[in-house]
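S.K.: Next come the chains, spelled out residue by residue.
2 protein chains.
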Amino acid sequence: MTKIYWEDFPVGRIDEFGHREVSEDEVVEFATEFDPQPFHIDKTAAENHFFGGLIASGWHTGAMLMRMIVDHQLKNSTSVGSPGVDELKWLQPVRPGEVLKANAEVIASTEHKYKKDRGFTKFRHTVLDQNGQEKMIMVSTIIFLRNPDEGES
Amino acid sequence: MTKIYWEDFPVGRIDEFGHREVSEDEVVEFATEFDPQPFHIDKTAAENHFFGGLIASGWHTGAMLMRMIVDHQLKNSTSVGSPGVDELKWLQPVRPGEVLKANAEVIASTEHKYKKDRGFTKFRHTVLDQNGQEKMIMVSTIIFLRNPDEGES
Numbered sequence: 001m002t003k004i005y006w007e008d009f010p011v012g013r014i015d016e017f018g019h020r021e022v023s024e025d026e027v028v029e030f031a032t033e034f035d036p037q038p039f040h041i042d043k044t045a046a047e048n049h050f051f052g053g054l055i056a057s058g059w060h061t062g063a064m065l066m067r068m069i070v071d072h073q074l075k076n077s078t079s080v081g082s083p084g085v086d087e088l089k090w091l092q093p094v095r096p097g098e099v100l101k102a103n104a105e106v107i108a109s110t111e112h113k114y115k116k117d118r119g120f121t122k123f124r125h126t127v128l129d130q131n132g133q134e135k136m137i138m139v140s141t142i143i144f145l146r147n148p149d150e151g152e153s
Numbered sequence: 001m002t003k004i005y006w007e008d009f010p011v012g013r014i015d016e017f018g019h020r021e022v023s024e025d026e027v028v029e030f031a032t033e034f035d036p037q038p039f040h041i042d043k044t045a046a047e048n049h050f051f052g053g054l055i056a057s058g059w060h061t062g063a064m065l066m067r068m069i070v071d072h073q074l075k076n077s078t079s080v081g082s083p084g085v086d087e088l089k090w091l092q093p094v095r096p097g098e099v100l101k102a103n104a105e106v107i108a109s110t111e112h113k114y115k116k117d118r119g120f121t122k123f124r125h126t127v128l129d130q131n132g133q134e135k136m137i138m139v140s141t142i143i144f145l146r147n148p149d150e151g152e153s
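Taken in sequence, the protein lines are chains A and B.
What the first sequence shows, in our numbering, is residues 1 to 153, in sequence order.
What the second sequence shows, in our numbering, is residues 1 to 153, in sequence order.
There could be a bad hint or two in this list.
BS3-like, lysine-lysine: derived pairs with alpha carbons at most 30 Å apart [said to hold, decoys possible]:
hint	chain 1	residue 1	chain 2	residue 2
1	A	Lys75	B	Lys43
2	B	Lys3	A	Lys43
3	B	Lys122	B	Lys89
None of these hints come from the bench; they were simulated from the model.
Remember, it's a predicted structure, so these values are computed and weren't measured experimentally.
So here's chain A without its partners, still in its complex pose (with noise of 0.2 Å):
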């Protein structure tokens, strides 16, 4: 199987996927555990409130895409571990019943200054619904490891 590395994310590359439905057990779930606002956990309270039914924790949203990410962009890499997020946005509410995928954008590429083994690449991750509407936008950086094959340049 080949490895991804940090070449593979040149700046400008640009990637579509994932396949994640949004239930309503899910999102009482998560927010039960995680954020028990009465607009996550609670459907009648969520109905009566101005957001007009329920809708997932913005770290649910964000757990999913993570999710997906890691299915799609770090399962077969050389990814070891994130120092941050720069950009977190939350633009509309994830209600239940919609299908969320993810679009990634590679917007910064650079060598790690002293471990020359590795390098840095930022990544504007947008999740999307069904019809294409934006629902969240994560700017963040993942480190990965530099193909060992490839001369320093």
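Given the structure of chain A, go ahead and fit chain B onto it with the hints provided.
M.R.: Coordinates of chain B only, in the frame set by chain A:
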């Protein structure tokens, strides 16, 4: 019960709260669902990795922080959600057996330009372990309703 309004979070206010034990089972369970990378779900692989043992998904740490925020800051508040996160940094791995708490500092407070019934509160939340080591920093904004009993400034 007294409701917590936007006015209750002036710039400079600092709160420390939370007591979240991180269990190995929970680390593996969360990551199996949302972030199935070897160093989050496979104890043997994690021990042979430079992380030197299982570490929690960064999304799990964020979700655990969210739960502490809900329990201690949002529960009786007028929070109506968050537009997003300005910064999220994972400083140190979170490992099973650690006990997390949170420090919350209000770093900005602004009125909503158009919706006069609400305002934005920007927090810097820091997740610390039982020894005070900083694990994660998050700068994010929460929208609270304004106290109708307080006049316009």
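S.K.: With reference to the structure, classify each hint as holding or not holding.
M.R.: Hint check:
no. : hint               : result
1   : A:Lys75 x B:Lys43  : 17 Å, holds
2   : B:Lys3 x A:Lys43   : 22 Å, holds
3   : B:Lys122 x B:Lys89 : 16 Å, holds
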